[in-house]
Structure formats: C-alpha cells, structure tokens
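Per the working numbering, residue 51 is the first one in the sequence shown, and the count goes up by one each step.
Worth double-checking, as some hints may not be accurate.
[To be verified] Simulated pairs of lysine to aspartate or glutamate, DMTMM-like, Cα-Cα distance not exceeding 25 Å:
hint : residue 1 : residue 2
1    : K117      : E188
2    : K117      : D150
3    : K146      : E217
4    : K207      : D156
5    : K148      : D79
6    : K144      : E188
7    : K139      : E95
8    : K207      : D109
9    : K148      : E61
10   : K207      : E217
11   : K144      : D86
12   : K146      : D212
13   : K144      : D156
14   : K82       : E145
15   : K144      : D109
16   : K117      : E208
17   : K146      : D156
18   : K146      : E201
19   : K144      : E194
20   : K82       : E61
21   : K139      : D79
22   : K148      : D86
23   : K146      : E61
24   : K146      : D136
25   : K146      : D109
26   : K117      : E145
27   : K144      : D212
28   : K148      : D109
29   : K139      : E188
30   : K117      : D79
Hint data in this document are derived by calculation from the structure and do not stem from the laboratory.
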Amino acid sequence: MLHHSEVCRSEGIAFAADPSQQMARMNGDEIKLLIDGATYLFLNEYELALAMQKTGWSDAQILSRVKYRVVTHGSNGAVVEGIGTDVIKVGVPKEKAKIDPTGVGDSFRSGFIAGLAWGLSHERCAQLGSMIATYVIETLGTQEYRFTNEEFVARFKEAYGDSAAAEIAAHIGKPN
Numbered sequence: 051m052l053h054h055s056e057v058c059r060s061e062g063i064a065f066a067a068d069p070s071q072q073m074a075r076m077n078g079d080e081i082k083l084l085i086d087g088a089t090y091l092f093l094n095e096y097e098l099a100l101a102m103q104k105t106g107w108s109d110a111q112i113l114s115r116v117k118y119r120v121v122t123h124g125s126n127g128a129v130v131e132g133i134g135t136d137v138i139k140v141g142v143p144k145e146k147a148k149i150d151p152t153g154v155g156d157s158f159r160s161g162f163i164a165g166l167a168w169g170l171s172h173e174r175c176a177q178l179g180s181m182i183a184t185y186v187i188e189t190l191g192t193q194e195y196r197f198t199n200e201e202f203v204a205r206f207k208e209a210y211g212d213s214a215a216a217e218i219a220a221h222i223g224k225p226n
C-alpha cells in the first residue's frame with residue numbers, strides 16, 4: 051500500500067487511500083506515508099481516531115493532507131469533506147434487518163467509487179455507497195446480496211428522494 055501511494059504521488063496520479071484493517075498494525079509514519087496527498091481518504095470513525103492518535107496529526111491536519119476525506123459513522127451515515135468545500139452528510143437507508151456487518155465498509159467504498167466512475171456528485175456517491183452497504187448488512191456473507199434494478203431504485207428513492215433515484219437509475223444495470 052505504501053509503495054503504491056508513493057508511486058502515485060511521484061507520478062502525479064490521483065489515488066484513494068483506504069488503510070482499513072491495516073491501520074492497527076501500521077505506525078504513525080507509515081500512516082502518514084499512506085494518506086499524504088491522497089485524492090480520497092476513506093476511514094470509519096474509529097480509524098480516524100486511530101490515525102490521529104498514531105500520527106499525532108489533528109483532525110484538521112489529516113484533512114489538510116488529502117483532497118477529500120470520506121468518514122463513515124455506522125448507522126449515523128457518512129461525511130464527505132475537503133478543504134474549501136461544503137461538508138456533505140448522508141444518512142443511511144432503513145435496513146430490513148441487521149444480519150452481518152462484515153464487508154459493510156468495503157461495500158460502501160465500492161459504491162462510492164462506482165459513483166465517481168459514473169461522474170456523480172459526492173453526495174450521490176455517498177448515497178450509493180450507503181445503499182449498497184445496507185444490502186450487505188442485511189445479508190449473511192459479504193457478496194451474497196441480490197436486488198433487481200427496479201428494487202434498488204425504489205429503495206434509493208425511498209431513502210433519498212425522486213431526483214436522487216432518477217440520477218442513480220440512469221446507471222444501475224447499465225454497462226460502463
């Protein structure tokens with residue numbers, strides 16, 4: 051991970067940093083090397099606190115080292131922020147059940163990055179990540195969830211409204 055971050059920095063390539071489970075084994079200098087200069091930094095609230103503790107950087111200092119920081123807060127949603135940008139707070143859709151949290155963070159990030167690939171706003175990206183994470187928590191196994199395009203869009207509409215659902219519907223089930 052550290053090598054890839056360094057290569058991206060030296061070549062001027064935008065990159066996302068996601069220390070996730072590796073955060074616990076990394077020291078402060080390694081964490082600094084991983085995240086410094088990232089276009090996107092993905093963390094959950096625990097990982098953010100651990101990054102501050104291990105690096106000695108404040109919340110604001112970590113934010114100043116990346117272009118955008120995306121922090122998930124479990125059932126309290128996610129926050130996307132960057133220096134000089136509006137803070138975006140996104141809630142989570144109502145779960146049908148809470149079966150297994152394994153893979154929820156990974157699925158959030160995959161949805162967020164898919165939204166970026168589709169050219170969606172950060173708000174829509176976070177909503178998309180939250181919707182996919184909701185499907186994951188409702189299912190035993192990290193990739194065992196299933197939905198139809200229509201069901202996904204209907205749940206998205208219920209959670210985030212008509213215009214959000216219309217934007218997402220233009221991409222769900224379509225090849226890139």
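Now for the hints, and whether the structure bears them out:
For the given pair, K117 sits about 32 Å from E188 by alpha-carbon distance, which is inconsistent with the 25 Å threshold. Taking the CA atoms of K117 and D150, the gap is about 32 Å. The hint is violated against a cut of 25 Å. Simply put, K146 and E217 have alpha-carbon atoms about 24 Å apart, close enough for the 25 Å limit, and the pair holds. Among the hinted pairs, K207 with D156 is consistent with the structure: their alpha-carbon atoms are about 23 Å apart, no more than 25 Å.
Distance check on the hinted pair: K148 and D79 sit about 37 Å apart at the alpha-carbon level, beyond 25 Å; violated. Taken as a hint, the K144 and E188 pair is honoured in the structure, with Cα atoms around 10 Å apart against an allowance of 25 Å. For the hint pairing K139 with E95, the CA-to-CA distance comes to about 14 Å; that is within 25 Å, so the pair holds. For the given pair, K207 sits about 33 Å from D109 by alpha-carbon distance, which is inconsistent with the 25 Å threshold.
Between K148 and E61, the direct Cα distance comes to roughly 43 Å. Violation of the 25 Å bound is thereby established for this hinted pair. Simply put, K207 and E217 have alpha-carbon atoms about 10 Å apart, close enough for the 25 Å limit, and the pair holds. Between K144 and D86 the CA atoms are separated by roughly 35 Å; this puts the pair beyond 25 Å, and the hint is violated. With a CA separation close to 21 Å, the supplied pair K146 and D212 stays within the 25 Å bound.
Of the supplied pair hints, the one linking K144 and D156 holds, its CA atoms being roughly 19 Å apart against a limit of 25 Å. Proximity of K82 to E145 is assessed by CA-CA distance (about 36 Å); at most 25 Å being required, the pair is judged violated. Proximity of K144 to D109 is assessed by CA-CA distance (about 29 Å); at most 25 Å being required, the pair is judged violated. Proximity of K117 to E208 is assessed by CA-CA distance (about 31 Å); at most 25 Å being required, the pair is judged violated.
The straight-line distance between the Cα atoms of K146 and D156 is roughly 20 Å, inside the 25 Å bound, and the hint therefore holds. With a C-alpha separation of about 13 Å, the suggested pair K146 and E201 falls inside the 25 Å cut-off, and the hint holds. For the suggested pair K144 and E194, the alpha carbons sit about 19 Å apart, so the restraint of at most 25 Å is met. For the proposed pair K82 and E61, the alpha carbon gap of about 18 Å is at most 25 Å, so the pair holds.
The hinted pair formed by K139 and D79 fails the criterion: a straight-line CA distance of about 30 Å is larger than 25 Å. A hinted pair counts as satisfied when its Cα atoms are at most 25 Å apart, and K148 with D86 does not qualify at roughly 35 Å. For the proposed pair K146 and E61, the alpha carbon gap of about 45 Å is over 25 Å, so the pair is violated. The straight-line distance between the Cα atoms of K146 and D136 is roughly 31 Å, outside the 25 Å bound, and the hint therefore fails.
A hinted pair counts as satisfied when its Cα atoms are at most 25 Å apart, and K146 with D109 does not qualify at roughly 34 Å. Between K117 and E145, the direct Cα distance comes to roughly 31 Å. Violation of the 25 Å bound is thereby established for this hinted pair. Of the pairs offered as hints, the one joining K144 and D212 holds, with about 17 Å between alpha carbons and a cut-off of 25 Å not exceeded. Taking the CA atoms of K148 and D109, the gap is about 31 Å. The hint is violated against a cut of 25 Å.
Among the hinted pairs, K139 with E188 is consistent with the structure: their alpha-carbon atoms are about 22 Å apart, no more than 25 Å. For the hint pairing K117 with D79, the CA-to-CA distance comes to about 20 Å; that is within 25 Å, so the pair holds.
Of the numbered hints given earlier, the model fails hints 1, 2, 5, 8, 9, 11, 14, 15, 16, 21, 22, 23, 24, 25, 26, 28; all others are met.
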